[in-house]
Structures are given as structure tokens and as C-alpha cells.
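A.B. asks: Residue-level listing of the chains:
2 protein chains.
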Amino acid sequence: MINWNNLDTIDSYQALSKVEKVDLAKVMSGENGADRVKKYSVSMGDGLALNYAAKQVDDNVLAALAKLAEDTQLVEKFEALYNGEVINTGEKRLVLHHMTRGQLGEAVMADGVDKRTFYVEQQNKIAEFANKVHNGEITNAAGEKFTTVVQIGIGGSDLGPRAMYLALENWAKVNNTFKMEAKFISNVDPDDAAGVLNTIDVAHSIFVLVSKSGTTLETLTNESFVKDALKNAGLDASKHMIAVTSETSPLAKSEDYLAAFFMDDYIGGRFSSTSAVGGAVLSLAFGPEVFAQFLEGAAMEDALAKNKDLLENPAMLDALIGVYERNILGYQNTAVLPYSQGLSRFPAHLQQLDMESNGKSVNRFGEPVNYVTGPVIFGEPGTNGQHSFYQLLHQGTDIVPLQFVGFKNNQMGKDVVIQNTTSQQKLCANVVAQIVAFACGKADENRNKNFEGGRPSSIIIGEQLTPKTLGALLAHFENKVMFQGFVWNVNSFDQEGVQLGKVLATRVLAHETDGALKVYSDLLNI
Amino acid sequence: MINWNNLDTIDSYQALSKVEKVDLAKVMSGENGADRVKKYSVSMGDGLALNYAAKQVDDNVLAALAKLAEDTQLVEKFEALYNGEVINTGEKRLVLHHMTRGQLGEAVMADGVDKRTFYVEQQNKIAEFANKVHNGEITNAAGEKFTTVVQIGIGGSDLGPRAMYLALENWAKVNNTFKMEAKFISNVDPDDAAGVLNTIDVAHSIFVLVSKSGTTLETLTNESFVKDALKNAGLDASKHMIAVTSETSPLAKSEDYLAAFFMDDYIGGRFSSTSAVGGAVLSLAFGPEVFAQFLEGAAMEDALAKNKDLLENPAMLDALIGVYERNILGYQNTAVLPYSQGLSRFPAHLQQLDMESNGKSVNRFGEPVNYVTGPVIFGEPGTNGQHSFYQLLHQGTDIVPLQFVGFKNNQMGKDVVIQNTTSQQKLCANVVAQIVAFACGKADENRNKNFEGGRPSSIIIGEQLTPKTLGALLAHFENKVMFQGFVWNVNSFDQEGVQLGKVLATRVLAHETDGALKVYSDLLNI
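If you're matching them up, the sequences are chains P and V in order. Just so you know, we're using my numbering here: the first sequence kicks off at 1 and counts up by one. Just so you know, we're using my numbering here: the second sequence kicks off at 527 and counts up by one.
FYI, nobody ran anything at the bench for these hints, they're computed from the structure. Here a beta-carbon is modelled for each residue, glycine too, at the ideal position from N, C-alpha and C. Keep in mind that a hint or two might mislead.
[Claimed, not checked] Derived CB-CB ranges, DEER-like:
1) P:K18 to V:P776: 55 to 65 Å
2) V:D727 to P:H204: 16 to 26 Å
3) P:A233 to V:A1036: 54 to 64 Å
[To be verified] Per the computed footprint, the stretches of chain V lying under chain P, defined by three or more beta-carbons under 8 Å from a beta-carbon of chain P, are:
4) 672-685
5) 1033-1044
Okay, chain P solo, but in the shape it has when bound (with noise of 0.2 Å):
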């Protein structure tokens, strides 16, 4: 029997905020430290570790999260999710992208199919059409071959793809498996669009529109952007377009499209990386190989996500730090630090992950909660945000968590030694340095040069990003974010946070405005 409760109303929530708290600087210290960091890490698979060492937790905090996972009832809860009960309440749906990956507990029924058997198709026809494209089978009008895939989409059908995308880019390149090269439109000033046209040969661009309903006005526009391009270029844009969308779409059946891909309801636009909606355009760009193996990574840590003990589900342990940090420690923010080049997207991916997801004030029964939820998220590589924005995460007044990622080598196989030490060692050692730094801090009589330390972080250590720890990242996260709005008992699943922008703007563009939204109509020559 499960059962949704306000984390306010939960007992062990109550005894975690009165657990001593951990001086951080102070644990971190000496060989204590050592100790720490050699404890305080859980496997992730595949030569991947979350590390949480610097977090501000010992063995009684861990003990304490350990109950609060256990009242709150976490992995029964996930059990439920993809066992097919209707986790998303407001919209009525079921959850189901880790189905998209793999079979965790039961078939799944819905629409009159075995969902799991549903994902596995559209995969497979992807990949014999991504095969077909890659060996000529299926080529422009002048029986030439496609180089370019181009996503049109937004939000969920644009930042996740193009994070995974940049991700593997130049690691396909080295390892061979670069197929065609992604480029994506998403915005819809005009500008985002022409921008792109403006860099590819569209005789020889296939185009994926991406929208679950088949109505999003941005990717609707933008559609109908390039279409006049590909006329104007005399091309027939039907023959350089496919769809991914929802098998009820209007787009689904439409003759405007080579193929039409599919996703459905219980796939959420920033849980759809490993659906059609990532697998075409990462198909297409890098083979349908890579794209298995990107899925076999998130199916990993979607099953160590299954596991009760706390110190052995690195998600659900991430997700109760993150949320003791946010209620019991204040801390509002949360920054994403990847020391990765491939990775430069993956916190503007996370961004929409965690606050669309996380960013409520209403429990999953529609009532106002009265503790907060979702962090502010923000994060760019290492070692550019150290030259950027680190001097207020040392020094400044607010704390802010981090959240860090590290690879032992590097992608492309390329590097130069300077001062005895190759770029990924000098890489490597600023992010340890770091870690330090933040937690231990160093004393200076010189206050401007004091770090007070006490700065929590964790990293998530591994020894390439590729494709099989990429996909292993992104589940990951996922399923943090899970469990952290199975904590604030939101509903992760809905967005209704995004509706009045749209219905306003849509009131603009009819002239059927008053008050300030009529004088900033005039401000703007609407």
C-alpha cells in the first residue's frame, strides 16, 4: 500500500533536521578526509562512481535519509511508476520512459499494445531507416546522399537530443561511427532558423520534425520556415522530412514525410532522449549501434534505481542529499559542473529536467505544500567556469551545492604535455582541486583571501564519456529527479506551470489585449 504524503507530515523528516550537522571543513580535513572519500562512493556500473565524500553528510545523516527513503516509500513508489500505474495524476498518464530502455517489472498494456513492444518497433524502424539512409538506400531526388540531419523541435525534443548529440560528436568521429552531422532549430525567432539554413546544403539535409502532439506552434513554424526553403531550393520537402510524433498526431499519417516515428503520452518531453525522440536524429548522426548502446547505459542505472539500500541506489541517494540540502541546510540552488568538454549542454539539459519537473508549489493532489521544492539549476564545463562564475560559489554569500562530473580520459586520444603534465591530467587535477577547495577552504589572515570552505559538492567519476556512460549520466539524473519529487510528493510529470504564457500570447497575437499587456504590445510594433 503506497501512500502520498507531504514531506512536512513524514516523522523521519522531522528527526532528520534535528541530526547534528556536519562541519564540513572540518570532516574533509586530514585523514579523516581520505577516509571519507574513500567511503563515501557507491557504483554506478561500467567503471562509473558517484562520490559524496564533500557532501555535508556522515553515517547518522546517511541513516536518517536511509528512514526518510524508507517512510516515503521511494522504490515502491518507482515499482509503481513502471509497473504502469498512472504516476501522473494531473494529465491522467502513465510514466513510462524507462520503457524506452529496457523491461523493469511487468508488461505494460495501454492503447491496446505491450508497450514495451511498441518502443522496441519504433527503435527498430528508426534504425533500419537510419541504415537505409547511411547506405544510399534512401537518398535525395538526385540519388545522392544525405550528410545532414537537422531537429526541429523545442524544449524537451530539443535540449535533451542536442546535449546527447554534442556529447558524442567528436567521440564518433574518433571511433568511426560519425555518420552525418546534427544540426537543430528551435526557437522561434526567425533568426534561429535562417541561422541554420544558413550553414547546411539543404539538397542534401534531412529534416526531423519533433512534436508529440503535432501542434506546437514553434516547431510548426519553423516546419513551415524550411519547407519554403526547400522549395526555394526547388527540392521536395516531403522527400527531406521525417516526424517523430504521437501516433494520434496530425503529422503522423501525413504524406509530408518520408516516415513518421513514434512516441507516445506516457514518454514527458524532458524524459524523451532515449525514445524516438533522441533515437532518430542520434541514429541517424552516429548508427543505431550507438544508440543501443547509449540505452543500454540508462537501462543500468535505471536497475540499480530498484534497490532499497540506500548506499546502493546512487540516484536515490543523490536525490535525498540534494533534498536535505534544499529543506533542512536552505540551500537554494543547485550548479552542474561537467569537466567535459562533450558534456558543454548537459546542465542546460538538466535545467529543464529538474525545474520543469521539480519547480511546483502544489502537491500531487492539487494542494500547496509548505516546504520548498525544486532547486534553481545552472551549470557550465569545467575548467571554463572556474575563469567564470566559481568566484561567488568560493566567496560569495549564499551556498551553493555542486554537483560535479569527471572522466579519466579524455575523447579524441588527443593531447599535449606542458609542464611535464598532459591537458586531461591538468583537467583532472582542477576538479579534485576544486572539490577540495570548496569543502576544506583555507584560512588567510587576509580576509580577501579567506575561503571559509564548508562548500559542499559530489562528483560522479568514470573513465570515458561514451555512449553507453552517456546514457548512464542522463538515467541518472532522471531518476534523481524521480525520487526528489516522490519526496516533495509533486507531481514531476505535469507542466501546467507553462499554459498561461501561452494562452496570453496567443490573446496578443489575436490584438484582443487591455491594461499592460496592450501598452507592451504597442512597446513592441505587435
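Given chain P's structure and the hints, the job is docking chain V onto it.
C.D. replies: Structure of chain V alone, referenced to chain P:
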């Protein structure tokens, strides 16, 4: 006589905290809201205006802010700065970035020269060099024109110039001033340099090495990486590289460079886009005339920032409203949301500009302050952000003040009509709708669809993103950050918070570690 006092010792700050708070949802409704939008606007010149109607201010709050501006002598401090006082007290340096774009006050002599003359000379030298590259007087060894310019730099030598390049790339293409494509290498992750080199033709590329000290490890490392690539291509590296550095740096007179252009210690990295740091790459990419227009826009805002009337000084007004939000209303973050695809990386630049300048816990005398200082800054372009993190901004448990930017016209002049409106109209309709949605909210019996409103925003509105308006935007935010630093009594021009990480990283690379640092180093195979 200028007094440098902590904010909490200023009587008018105490008075400000007692002024009745504005109920934003209420005042922005109906005709009162329309009146506010008309009234609460200040011109920034060249068709730009800052509209702050949707901020939590009214005439009483503004009067209290004006008193605070007067008591903290903001304009007098700015005058002292541009007249050459040692405002960067930590590093005992003048702060002269305004002088790269004009002479605001008295002539300033330093290092034995008139500094304004010095900056103009550098700008002219760059213009001459760029013209020679463009007209083929300076070519590669084969006598062929250079087609690509690659900036090698990190932090302020990267973020600002990169954001400015991206902001003008498409504008230049349609205005026939696009001369060379620019790329950027910043991260010490060797995949950054390798990835960029993979996409360019090194034989036709000119590299701009940017390091004020000539000792930035990331930058020197990437220089070596590039030199190896040039050598491997059978090219003479010294014929493909120029340096932007200080006259006293080891790079200044080296024969390794085709030319060297100078900045000095009075230009902080994050304030250096209008110096040779931005000048070289932007003049090469778009021509010196475009760079001159960019400086003209910046100078326009600098002149406005001298105005003692708060309501006629957009940067000072923006700064004080930000302080009010941060210190009196208790908001921790600010989101920057440009509705312009060209400004895609402008928020990343502002993140450094603001957080590195004012993320400080001690005042300019090195004494701890008892109030919060610089906020966390993040942002992405709209409408993309709407489909990402706006959910939290609308319905999250914390209020995040917002800073919108919007233009009546797009840059490229191409558009498409869907449902009777252009994409540009949709873009503008969206930003207008968001302002009102955030401010006014909308009651709904279904609490999940309820919007409380009361979420403050301002918008800078312009005709078009051009070199001049871009320069104006840049300087507006630079001056805003400067004024806020004055109010908080911090030194906005040093960055001691980045030092500890550097020291520890050096120790890691030398294997001089113990405790946690050693175990982390082992985990990452350093």
C-alpha cells in the same frame, strides 16, 4: 569627499526597508498596469529603453532608492573611477575599461602614457591589421587569404568576445560585413581544441592568443596544442598567430607572433570585450567599422551612467532595483532572458560579469559584510527557456527576478507567416505575455493551474540587435554591476576566489598531496 561605507550603515538603506512593499499582481492589473508600463521606462538611447513597470517598485520605493543612490555617492564613485582613482584597491589598480570606448572625464596618465591615447592606438593598430588580412596584404605562406579566426582564451578572454561574435554573426552576414568565421578554444579539456581543429582548415586560419599576463595555463596549453597542429600540417605557426596581451607579458615582443596588440592591468578580463581582447577577433570577423559601432553603443551607455538623476540613469536604476530585490525582498537569483537568438550566449557572459565581480563576502577594506551581495545569474534565450525552466519561474516555491530583452525586428529579415502572424511577432508576443503572466498571475480553482503572480521582471526593448545596440547592452550591464558593487561596498574588480583552486591544482599535478586530495587524485588516475 567620497565615503566607502557598508550598506547596512546607511540610514537610507534602513529607510528603504521600511517603505511599504508593492503588491505587483495588484498594481499591474487593469488601467493602473497600463499607466505603469507607460510611466516606468527610461531611455537608453538609439531606440533602446529599459521598462521596469513589472518590478516591485512604485514612486515611494523609487524615491527611497534615489536617496540611497545619493547617500552611497554612486555617480561620484563612477566619476572617481573614470578619472583614474585606484578603485580596484585589492590589486591596487585603476579601472579603465570605459576608456576603451571614450573619454568620460579627465585625461588619465598611467605607465607614463595617456591611457585613452593608448587604447585608441591599439584599436587603430588592430583595424590596420584586420584591413590587411581582409584585403590580402597579410596572407598565409601560400599567399592565400585567411578565412577563419580562432580565439584562444578563457574566462573574460572567451565568454564576452564569444557572446559578442554570436550576437553579430548573422547580422554581419545579411549586412555584407561578414569577413571571417570565428571559432573559440577555451577549456583545458584537450577535446575542446581537438574538436575545434577538426572543423577548420588550419592553413587558412589565424589564431588570436589572448592572455593579459601571458601565463594563463589553459591558454598556453591550448596554444601548444594548436602549434602542434600547425606544425603537423607543415605550417610555420608564427605566421598564423597573433597575441593580445599586456606590454609587459612574455608574449608582447615574441617572434612567435605575426603581431601583438595590447591591453593593460586596468582592464579586468570580464570587462575586456571593448578592449583589444574583443577588438582583435571582432575586427577580423566583421571589420573594424563594425567594432567601432559596437564601441559607440557602449560609450552611449557610459555617458548615461553619469546622470545623477536615478530615473534618467538606466544602469544605476537597474542596479538599485536589483539591490532592493536582493537585500530587502530576499531574492537570491536573477535570470537573464533575451528574446533574441543572437544573444544565445549573452547570459553566460553576464554570469561571469556579475558573479565574478560581486560574489564577495568582504568589503573593499577586507572586512566581512553582514548582508548578501551578488546573486546567482543564469539564463537562456526565449522562447527556448519557456519550454525549459519557466515552469519553476512561474510556479516554483522561490521567486526569481527576471531581466528580459526584446527587439521589434529580427536580424536576418527572413520570416514566415503562420496563423496570420510572423515568427518575429510570435517571439515578441511571447515576451510580452510572459511579463504579464509573471506579474499578474491568474487565479484558478484547480491549484495546479493557479498562478500566484507577483514575480518581478524588467525588459530592455530595442529596434534591432545591431553592433551599436549590442555595445549598449554590454555596457549597461557592466555599469549595473559596477554600481551594485559600490552599493555593497565590495571591490568588483578583483577575483581572489579563483586562487585557491589554482594552488591546489598545481599541488595535485606535482603529486604533493595528502588526505582527501590524494585519494581523489588516485580516483582520477592523476
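A.B. asks: Run every hint past the structure and note whether it holds.
C.D. replies: The hints, checked one at a time:
1. Our hint of 55 to 65 Å for K18 (chain P) and P776 (chain V) holds, since their Cβ atoms are close to 58 Å apart.
2. Separated by about 20 Å at the C-beta atoms, D727 (chain V) and H204 (chain P) satisfy the suggested range of 16 to 26 Å.
3. Under the hint 54 to 64 Å, the C-beta atoms of A233 (chain P) and A1036 (chain V), about 58 Å apart, fit the expected range.
4. Judged by the Cβ-Cβ criterion of 8 Å, the region 672-685 of chain V is covered by chain P as claimed, because 5 of its residues qualify and three suffice.
5. With 8 residues having a beta carbon nearer than 8 Å to a beta carbon of chain P, the region 1033-1044 of chain V meets the requirement of three or more and the stated coverage holds.
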